[in-house]
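Input sequences plus hints: build the corresponding full structure.
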Amino acid sequence: MAKKEELLELSDTLRSNYMTYQKDKSQIARLKAGIEAFEKVVPDRSKVKRLLSYVTVLDLPAYLDVLLLAAQSYVALALENKAELARHHALVDCALGCYQLTLELIEPIGPARMTPTLGDIELDATFCVLKMAYFKAEGELHTLKKQLVVENNPDSGIHERLQKVQTELSAFHRTLKNEYKNAYYRKVLNITPELEDEVQKALDSVNSLLKAPKRKVRDVAESPSTEGTVFKKPVSIPKKKKNPSPAQPTPHEEAANVLLLLSFFGKQPEQEKPANTANTLQFS
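The sequence shown begins at 59 in my numbering and counts up one residue at a time.
Misleading hints may appear alongside valid ones.
Calculated lysine-lysine pairs in the BS3-like style (CA-CA distance at most 27 Å, straight line) [as the list claims (entries may be wrong)]: (1) Lys107 / Lys194; (2) Lys235 / Lys83; (3) Lys245 / Lys194; (4) Lys81 / Lys259; (5) Lys194 / Lys90; (6) Lys107 / Lys81; (7) Lys83 / Lys62; (8) Lys245 / Lys98; (9) Lys239 / Lys269; (10) Lys83 / Lys194; (11) Lys203 / Lys140; (12) Lys239 / Lys83.
Quick list of the computed label-pair ranges, beta carbon to beta carbon [to be verified]: (13) Ala144 / Asn236: 17 to 25 Å; (14) Val208 / Pro166: 48 to 56 Å; (15) Val207 / Asp102: 39 to 47 Å.
Since the hints were made in silico from the structure, they are not lab data.
C-beta atoms are modelled at their ideal positions from N, C-alpha and C, and glycine is treated no differently.
Rendered as structure tokens:
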């Protein structure tokens, strides 16, 4: 189980590594090292909750700083892993766990004992819980955009996933506009015009994708001719129509037909019987 002293030392490591990464994004190894150090000292966040439950109100912010720095590091690493959605979501969930633990540690403190510093930390953690939902939705949108480039199946569930993303982005957008108008809140939470533009662009993007007509997978035979496919278009072979069966000819008609065919070849029927010639067609 982590000791209080270890947590305070960890705070310095996390802050140093995180700030190094913010100044130079190529220093992602430092960011990962900070997270690994945190997970080594804090393998179970529930035990940290028990440990910090007995910390005084004045000392608590220093220990909560460890959780907040770890959460920021997880988020930064998550944004570096957008290409792998499962990894991205897992890192965001780790950050979310740190923010939720922060709120759980502050919750027992009543208004009479609440300090301005703890009040700001509570405000930040509350907002960041909402922000984690936004990061997840934005990561999902990033993945869906890539899938739409290669995916052409209307039954793949992409439309439903886009609707869920739209719901999350719309909720966060309304929260920014309606619940965080206060100038002090915006300063403490670093709600900048750039963040609002980022959220608006993501929302516009998903709205545009949902309004676009669904593409359908059509059989090649049904597809219109396109460039380079003139000789590849299947040819429909019409089916032969069956002629109605002729009436069964009489013996006299059969004989007449035979004489007609033989006349074309300059031949006469052998052993013609006088009895038959009277009832057949005569050819000169």
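Out of the numbered hints, which ones does the structure contradict?
Numbers 2, 6, 7, 8, 9, 12 and 13 - these are the hints that the structure violates, sorted from lowest upward.
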